[in-house]
Amino acid sequence: MINREKAKTLLEKVISLGTADEMSVRLGGGEEGLTRFANNQITQNLAFSDRALIVEAAFGKKVGVASTNMLDEKSLKEVVERAEIFAQASEVNPEYMPPLEPQEYEKIEAHFPATANFGPEKRAEKIKEVVEPCAGQGLITSGTFASGEAFSAIATSRGLFAYHKQTSADFSITVRTADGSGASRASQTDVRRIEDLDTKALAEKARERALASRNPIELPPGDYAVVLEPEAVAELLFFLFTSFDARSADEGRSFMSDRKCGGNKLGQKIVGENIDIRSQPGHPFILGRPFFSDGLGAREIAWIEKGVAKNLSYSRYWAKEKNKRPTGRPVSLVMQGGKHTTKELIKSIPRGILVTRFWYIRFVDPNEILLTGLTRDGTFLIENGEIKSPIKNFRFNESPVRLLQNVEGITAAEKVGSSVVPAVKAHNFTFTSISSAV
Amino acid sequence: MRGLADLALAQARSLGADYADIRLCRYLDQDIRARDKIITGLGSSETRGFGIRTLYKGAWGFASSSEVTEEEIESAARLSVQIARSSAICQKDEVRMVDVPIYEDKWQTPYEKDPFQIPINDKKDLLLKINEEMLKVPGIKRTTSFMSFTREEKYFASTVGSHIEQLVLRTHSGYTAVAVGERDFQRRSFEAPPLNIGYEHIEKAPLVQNARRVAEEAVEKLSAAECPTGVRDLVLSPSNLSLTIHESIGHATELDRVLGQEADYAGTSFATIERVGKLQYGSRVVNILADRTMPAGRATVGYDDDGVKSGKWYIIKEGLLVGYSTNRELAAKIGEAQSRGCNYADSWRSIPIIRMPNVYLEPGGKDAPTPEELIADTKNGVYIEGRGSWSIDQERRNFQFGGDAFWEIKNGQRTRMLKNVTYRSNTVDFWNSCDAVCGKEFWEPQGVTNCGKGQPPQRAQQTHGASPARFRKVNVGEAR
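First to last, the protein sequences are chains Z and V.
In terms of my numbering, the first sequence opens at residue 1 and continues consecutively.
In terms of my numbering, the second sequence opens at residue 439 and continues consecutively.
Honestly, the hints are just simulated from the structure, not real lab data.
Keep in mind it's a predicted model, so treat the numbers as computed, not measured.
Please note that a few of the clues may not be correct.
Estimated spans, in silico, between C-beta atoms of each pair [stated by the list, open to error]:
1) V:Glu774 x Z:Ser181: 54 to 60 Å
2) V:Pro557 x Z:Pro98: 38 to 44 Å
3) V:Asn849 x Z:Glu305: 50 to 56 Å
4) Z:Glu195 x V:Gly496: 46 to 52 Å
5) Z:Lys200 x V:Leu605: 56 to 62 Å
6) Z:Lys322 x V:Tyr752: 54 to 60 Å
7) V:Glu774 x Z:Asp179: 44 to 50 Å
Within a straight-line C-alpha distance of at most 27 Å, the following computed DSS-like cross-link-like pairs (lysine-lysine) qualify [what the hints assert, rightly or not]:
8) Z:Lys128 x V:Lys475
9) Z:Lys306 x Z:Lys62
10) Z:Lys322 x V:Lys771
Even glycine gets a Cβ: it sits at the ideal position worked out from N, Cα and C.
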């Protein structure tokens, strides 16, 4: 992998090759191995190393971009020339923002050699360790185990240079029963330290829930109280924050547009008072990237505090227009956890549904962030505070806004991919049809 | 290329590989984007590299690199075999592949005008002209348009003895108008469907001609009635049916899903092996072809990434499930003698997996209705154009789709515009409710450019054609 010094030398060289007024040059890449298994054996097993050099050249406010994955002398010259030819051929972009000058970043140590060096034999051994016991019980497993390292660097004609490297490991396992009536999945993704990946625990969780989900009963669609496990919550939050772009809100193209008074809903209470959500790239569960692709620092930002929209996402251009500080996108999300356990949330529900996770979520109407999708990998009827029975999967049509207005209980937050999210209990979650898929 | 390929294969053989193949690839993209009166993106990307796949004692290995040198190829071949050996640690059944003939061939997308040779000015001027037309319509607050072109060069060689060189050329353009009203905002889009063809596709497409209408319909949607709730007959245009075909038939009949190989992510399929020749997937007017040879199809190639010559076959014949998309490995699992040639990797660094080919609905026969006749024969329905919300379960049973524009059909007349329409059904119920498909003169190729599958995710592209078709008594409006 290209280290900091080599990246700096290379990017400075690329800038020196240019004749444009301004240049912003990015280099990223890494090495990764990924092993897939299905039907209780390894089916695909790969290794790759790659990199991408992206050159943005500007003459005045005319901008062109070109990229390559070849880093020899000839290719470097060619990619700069290509970016400059495109820039010359382009039109003036009045919204063009010149490259950034040197920035201050949060220091985030996210590279751990043990993860980078976790090779195909070790991955195969770990897979075998969890597959064989399941196979011995007549269960069918499938999943992935990936490990590797990556880096990203940026330099600009205004003197900025930034470099960050990180390791990551991902493991997922789906366990299906031989009769095809039960299935569940457990995963840990974006794990920086390989020792934090507990493959056995994940396999056991998927196995237990797959067995518990056999022979589901059919429940009529309707509005139900729900306990959504953290993965289900995280999936919905992703869609909520696609509506936090300030410009879209200001221009009337978003749920966050204020249709009564004009402008946006900044400062308005949009969800329940018990909801706090922020970006926190340096959170120890996340160890995210300290800067965005344009070199802007990723910082801690409160998006929702006590249910009130505290910040919207401002690009550099829109921030300048509105006299705001640019924020970058809402990433590395941390939703404030509560005091309850999942068991306590279930115990407090007379009749409701426990959702492990969702699948295939899409917008139905972005005006109200109305989404559709389905439950998957274990959906259960709760009666009188206890899990009564597995049920067939439901399709939902619901908005994360309404969900977060209806939250009545929150567990401690846990790592879900690159977010930290709790399980929640909420009332009146709308399920509209049944799916027989397992 | 041949020398590098032979080096990889010899190295893999010398290390004991029973089978090996190499793909040496170069991908060149050009992308131009305009927003209102501004060119917001003008760029190109190039990526080059190779991937070596090896089979060692019945277990797969794959290694790839962006350094296309003899040393790196030898090193990657060694790593690929090493990875295959590690796969054997957790392997119960040895991989076996059906036979494939040896091919020495060159194949390329037929085209008239290389889009990479067309001046940038022509392209950006066209996009700005489209936006200008849309912005003339009062109520339009945002317009966007794009063009994208891809050139894929691939050299495939395998220890079977094949050496195949291919060039695929892709062209796509489209635009969207956004109208903002007092209560909501609405979009309407139009495209020159994604096809594998040259720039002549853009020149012939009525892009500017439709810009004003599309913008006007975006504005009209603001005051359109909400989707009714209940059961309606649907008349679906090709631009809407394309994604419905893709999701409910294309994916459901990919053999890797059927056999559980995608269970951890994309899911499995209800269309299982024992149902072939028995499952009435659709009504008798439903004939679905899979075709990697159709002119300009987004999945059209000469050979797949197993080195299998591309072909055409029925997946559904007169409503009956009769076939799958397969590759050499999984065709063997179901006892078929030949692969259908559906192995595809989206990059030199990706492992080939089964991807659906171009999958399309055959037009109706000589007595088939015209779209006007179909609407005139519909009492209480909705006519849908374009693509909107789409979601389907992991076995491809329960789906809910939307669209881009909707009109109510009342007593044989297309009447007022509707908005936020969704239709929800189960795949088999839905295709069995199809009672009419219009004739071949109304058949249109539409397509998908962002089909995601695999871990790590890979992107594939397909053309899905159809003539307008009618579906009886489908649930609409459940989303509200």
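Hints and how they fare:
no., hint, result
1, V:Glu774 x Z:Ser181: 54 to 60 Å, "29 Å, violated"
2, V:Pro557 x Z:Pro98: 38 to 44 Å, "28 Å, violated"
3, V:Asn849 x Z:Glu305: 50 to 56 Å, "55 Å, holds"
4, Z:Glu195 x V:Gly496: 46 to 52 Å, "33 Å, violated"
5, Z:Lys200 x V:Leu605: 56 to 62 Å, "49 Å, violated"
6, Z:Lys322 x V:Tyr752: 54 to 60 Å, "58 Å, holds"
7, V:Glu774 x Z:Asp179: 44 to 50 Å, "27 Å, violated"
8, Z:Lys128 x V:Lys475, "58 Å, violated"
9, Z:Lys306 x Z:Lys62, "44 Å, violated"
10, Z:Lys322 x V:Lys771, "62 Å, violated"
Violated hints, in rising order: 1, 2, 4, 5, 7, 8, 9 and 10; the structure is consistent with all others.
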